[in-house]
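Undergrad: As you go down the protein sequences, you meet chains A and B in turn. Heads up: the first sequence at position 65 corresponds to 65 in this note's numbering, and the numbers run straight through without jumps. Going from the second sequence to this note's numbering is simple: count from 1 and add 171.
In case anyone wonders, no lab produced these hints; they're calculated from the structure. Backbone N, C-alpha and C fix where the C-beta goes; we use that ideal spot for every residue, glycine too. Just to be clear, a hint being listed does not mean it is correct.
[Stated by the list, open to error] Derived list of chain A stretches under chain B, where covered just means 3 residues or more per stretch with a C-beta under 8 Å from a C-beta of chain B:
| id | segment |
| --- | --- |
| 1 | 98 to 104 |
| 2 | 140 to 153 |
[What the hints assert, rightly or not] Cross-link-like lysine to aspartate or glutamate pairs, in silico, EDC-like; alpha carbons within 16 Å at most:
| id | chain 1 | residue 1 | chain 2 | residue 2 |
| --- | --- | --- | --- | --- |
| 3 | A | Lys51 | B | Glu645 |
| 4 | B | Lys321 | B | Glu693 |
| 5 | A | Lys87 | B | Glu306 |
| 6 | B | Lys612 | B | Glu587 |
| 7 | B | Lys461 | A | Asp53 |
| 8 | B | Lys231 | B | Asp564 |
| 9 | A | Lys151 | A | Asp128 |
| 10 | B | Lys190 | B | Glu246 |
| 11 | B | Lys461 | B | Asp412 |
| 12 | A | Lys88 | B | Glu645 |
| 13 | B | Lys468 | B | Glu504 |
| 14 | B | Lys237 | B | Asp176 |
| 15 | B | Lys612 | B | Asp412 |
| 16 | A | Lys88 | B | Glu306 |
| 17 | A | Lys51 | B | Asp464 |
| 18 | B | Lys279 | B | Glu246 |
| 19 | B | Lys174 | B | Glu645 |
| 20 | B | Lys359 | B | Glu330 |
[Claimed, not checked] Computed from the model, here is a short list of chain B residues facing chain A with C-beta under 7 Å:
| id | residue |
| --- | --- |
| 21 | His284 |
| 22 | Val288 |
| 23 | Gly301 |
| 24 | Glu306 |
| 25 | Gly355 |
So the chains spell out like this:
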Amino acid sequence: MGLGVESVFGDSVVTTKLDKAVNWARSYSLWPMAFGTACCGIEFMSVAASKHDISRFGAEVVRFSPRQADLMIVAGTISYKQAPVLKKIYDQMCEPKWVISMGACASSGGFYDNYTTLQGIDEIIPVDEYVSGCPPRPEAVLDAIIAIQEKAQNDSIIKDRVRDFKGILDV
Amino acid sequence: MYKADMLVAQDDLKATITKLKDEEGYNLLLDITAIDYLAYKDKQQSRFALIYILRDNTFKKSITIKTFLNDNRLEIDSLTDLYYAADWAERETFDQYGIKFLGHHNLKRVLNHHQFVGHPLRKDYIITQGQVCTETEGLMDEMTPLMASKGYSKEEVDEMMLLNIGPSHPASHGTIRNFIALEGETIKGCVTEIGYLHRGFEKSCENHTYNQIIPYTDRLNYCSAILNNIGFSKTVEDMLDIQITDRAKFIRVIIGELSRITDHLVCNAANMVDMGGLTNFWYLFAPRDKAYDLFSKLTGARLTNSYTRIGGLEYDLYDGFDHDLEDVLKDVEQAIDDALSLVAHNKIFQDRTQNVGVISKEFAISAGITGPNLRATGIDYDMRKTNPYYYYDNFDFDVVVGSYGDVYDRIMCRFEEMVQSIRIIRQAMKQLPGGPINIDKPSIILPDKKDVYGNIEGLMNQFKLVMDGVKVPEGEYYSATEAGNGELGFYIVSDGSGTPYKVKCRPPSYYSLGAYPRIVEETMLADAVITMASMNFIAGEFDR
Numbered sequence: 001m002g003l004g005v006e007s008v009f010g011d012s013v014v015t016t017k018l019d020k021a022v023n024w025a026r027s028y029s030l031w032p033m034a035f036g037t038a039c040c041g042i043e044f045m046s047v048a049a050s051k052h053d054i055s056r057f058g059a060e061v062v063r064f065s066p067r068q069a070d071l072m073i074v075a076g077t078i079s080y081k082q083a084p085v086l087k088k089i090y091d092q093m094c095e096p097k098w099v100i101s102m103g104a105c106a107s108s109g110g111f112y113d114n115y116t117t118l119q120g121i122d123e124i125i126p127v128d129e130y131v132s133g134c135p136p137r138p139e140a141v142l143d144a145i146i147a148i149q150e151k152a153q154n155d156s157i158i159k160d161r162v163r164d165f166k167g168i169l170d171v
Numbered sequence: 172m173y174k175a176d177m178l179v180a181q182d183d184l185k186a187t188i189t190k191l192k193d194e195e196g197y198n199l200l201l202d203i204t205a206i207d208y209l210a211y212k213d214k215q216q217s218r219f220a221l222i223y224i225l226r227d228n229t230f231k232k233s234i235t236i237k238t239f240l241n242d243n244r245l246e247i248d249s250l251t252d253l254y255y256a257a258d259w260a261e262r263e264t265f266d267q268y269g270i271k272f273l274g275h276h277n278l279k280r281v282l283n284h285h286q287f288v289g290h291p292l293r294k295d296y297i298i299t300q301g302q303v304c305t306e307t308e309g310l311m312d313e314m315t316p317l318m319a320s321k322g323y324s325k326e327e328v329d330e331m332m333l334l335n336i337g338p339s340h341p342a343s344h345g346t347i348r349n350f351i352a353l354e355g356e357t358i359k360g361c362v363t364e365i366g367y368l369h370r371g372f373e374k375s376c377e378n379h380t381y382n383q384i385i386p387y388t389d390r391l392n393y394c395s396a397i398l399n400n401i402g403f404s405k406t407v408e409d410m411l412d413i414q415i416t417d418r419a420k421f422i423r424v425i426i427g428e429l430s431r432i433t434d435h436l437v438c439n440a441a442n443m444v445d446m447g448g449l450t451n452f453w454y455l456f457a458p459r460d461k462a463y464d465l466f467s468k469l470t471g472a473r474l475t476n477s478y479t480r481i482g483g484l485e486y487d488l489y490d491g492f493d494h495d496l497e498d499v500l501k502d503v504e505q506a507i508d509d510a511l512s513l514v515a516h517n518k519i520f521q522d523r524t525q526n527v528g529v530i531s532k533e534f535a536i537s538a539g540i541t542g543p544n545l546r547a548t549g550i551d552y553d554m555r556k557t558n559p560y561y562y563y564d565n566f567d568f569d570v571v572v573g574s575y576g577d578v579y580d581r582i583m584c585r586f587e588e589m590v591q592s593i594r595i596i597r598q599a600m601k602q603l604p605g606g607p608i609n610i611d612k613p614s615i616i617l618p619d620k621k622d623v624y625g626n627i628e629g630l631m632n633q634f635k636l637v638m639d640g641v642k643v644p645e646g647e648y649y650s651a652t653e654a655g656n657g658e659l660g661f662y663i664v665s666d667g668s669g670t671p672y673k674v675k676c677r678p679p680s681y682y683s684l685g686a687y688p689r690i691v692e693e694t695m696l697a698d699a700v701i702t703m704a705s706m707n708f709i710a711g712e713f714d715r
């Protein structure tokens, strides 16, 4: 995903250094979009609150507008009814973007193996990190954020992130 | 054998309930549900039966009324003109069982999505048969008649600002969708859509043994999981006709009241965030986290504790529990003081909350609102006083009531209820009796591990309990407890096996939310946001 600045520098050695700078900035200023639906949403509040303090990892600017966020944290059960909403919000986020699937329900439907629960959000949108637990402890969510930061270090601004993902709601 | 209190004919139902309401004061419609007898072991009069649960104006008596429906005529008169609460209750029964309510003004699905085919709680619907929803509903089919009933023409509605709040919105605290028609900033019409967190609690219950259901109850009102555990376990224990040990009762009271405190802390903290008071959130969340540490030390989980078992508890209190508990209580008291010192005499806070989102007494009863939301209107209905269980009548505590039923009253009621809960906990800790935490019945409680490995009887008991579950005598029964949000009831139908034939949860916030669209009409948009937060809608509970 280009920033426009690479045209000024051309494709010289500077680009790799720019990559580093941009990746550094991106990984330590992740803006999460908390898609909290259920119990995990309550635990996500704990991740943000004083004791666990997500801001130690530079990710405290929780945005509820997808257009301002680059990290989606799906915290809670997603039902078939909710699925189109989740997809729409994911589509509204600008690249580069990452997704954390927080908890058993978001990752696999959890113990709600029934007529109404989506059996994992990866049927709808691509997921970068899965967090186990029902709900996971706040430390586990912080661990996932660190994993995303590491992933963000390997991105490049001159390469488009190619997504060949196709979910059940993609026609 | 427990049975419904009254059995009436299909055509007499409305007349009977009207009579009960007018002559005996059954003003509170608690719940409506149905039973599908298709897979029941004995053949019944007909396939479907409807269950109505009512409570009288002294709040001491509840009554269950049952009526069998003719197989060729799955319809009955609607009660929406008697009780406001019947609106959503009947919609849910229609959605889940496909029973029609004649005269209902808006009989459409409420929990399942609009593209759903069939009725999932019917016994011939396979539990895993999911149905994909490809798009969200427009809701104009509800908005147009609603606005027409208020005298707005179609052209006038087209001119108005129609706004969606939710289902993914920071102020909706979960997954509520409100579709509102605005004139300026005043809400002229509001349609509330739920079901975005419908997780099939009731269907899952029909496929698990009684003890396996306890983790599902955690996730109803996940802000106070233990209160749900207690409500469910108590209902099953009542059906089994057993009394748990005194120590278990006291521990349930202590841990339950602590859960009530965490529930109210979340509600008030989040409410004040919506008002712009973020500091309160940090103040109130710090002791809550400490309470969670205590829970995880005691039960192994912070949020979803699954602490009770049918006939007792999972663990006894650990050494040093009393010390940890007192630490938490002191922190809670400090946090309440800190938060109140910021808001109680704060003019901005008072202007923002007083006379906002007012609920009248009459409307609250008609809509089936219970718990702190009802008490804030001035009605002193608290199950711990009116229908005391677990020695609540021996504890010295006050029922907290408000006077206007506005947002301010609801916030202050919750603050004061926390103080009362602390009083109860301290008294219970002082009187905490010794002895076992589980009853001595091998058909209900798992044997000790040393017996399982040491003798054949223990091994057999373990095997039977794990494979078959606790066998509950045949019958149907309703029982309720005072949960964080009000009267949390469970209506259980047992066929004598270890798996319930049907479980219906009476979720207090389902009925509060059903009333919400009427409460916010003619108020300002910004007030609707804090009204919502002050009523503590928990998605896991109303959507189940």
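Undergrad: Given the proposed pairing of B/Lys231 with B/Asp564, does the C-alpha separation stay at or below 16 Å?
TA: It holds: about 14 Å lies between the C-alpha atoms, which stays within 16 Å.
Undergrad: CA of A/Lys88 to CA of B/Glu645, is that 16 Å or under?
TA: violated, 48 Å
Undergrad: For a C-alpha distance cap of 16 Å, please report whether B/Lys612 and B/Asp412 respect it.
TA: Roughly 12 Å between the alpha carbons, so the hint for B/Lys612 and B/Asp412 holds.
Undergrad: Going straight from one Cα to the other, do A/Lys51 and B/Asp464 come out at no more than 16 Å?
TA: Holds, at about 11 Å.
Undergrad: Between B/Lys612 and B/Glu587, does the CA-CA distance stay at or below 16 Å?
TA: violated, 40 Å
Undergrad: B/Lys461 and B/Asp412 were given as a pair; does the straight-line alpha-carbon distance stay at or below 16 Å?
TA: Distance ~37 Å between B/Lys461 and B/Asp412 Cα, so the pair is violated.
Undergrad: Is the hint on B/His284 kept, meaning its closest Cβ partner in chain A is under 7 Å away?
TA: Because about 4 Å separates B/His284 from the closest Cβ in chain A, which is inside the 7 Å limit, the hint holds.
Undergrad: Within a Cα-Cα threshold of 16 Å, do B/Lys190 and B/Glu246 meet the stated pairing?
TA: The hint is violated at about 21 Å.
Undergrad: Regarding the pair A/Lys151 and A/Asp128, is the alpha-carbon distance no greater than 16 Å?
TA: holds, 9 Å
Undergrad: Would the hint on B/Gly301 be counted as holding, given a Cβ-Cβ threshold of 7 Å to chain A?
TA: holds, 5 Å
Undergrad: With a cut-off of 7 Å, does the beta carbon of B/Val288 approach a beta carbon of chain A closely enough for the hint to hold?
TA: Violated: closest Cβ of chain A sits about 11 Å from B/Val288, beyond 7 Å.
Undergrad: Take a quick look at whether B/Lys461 and A/Asp53 sit within 16 Å of each other, Cα to Cα.
TA: holds, 14 Å
In this structure, the hints that do not hold are numbers 1, 2, 3, 6, 10, 11, 12, 13, 22, 25, in rising order.
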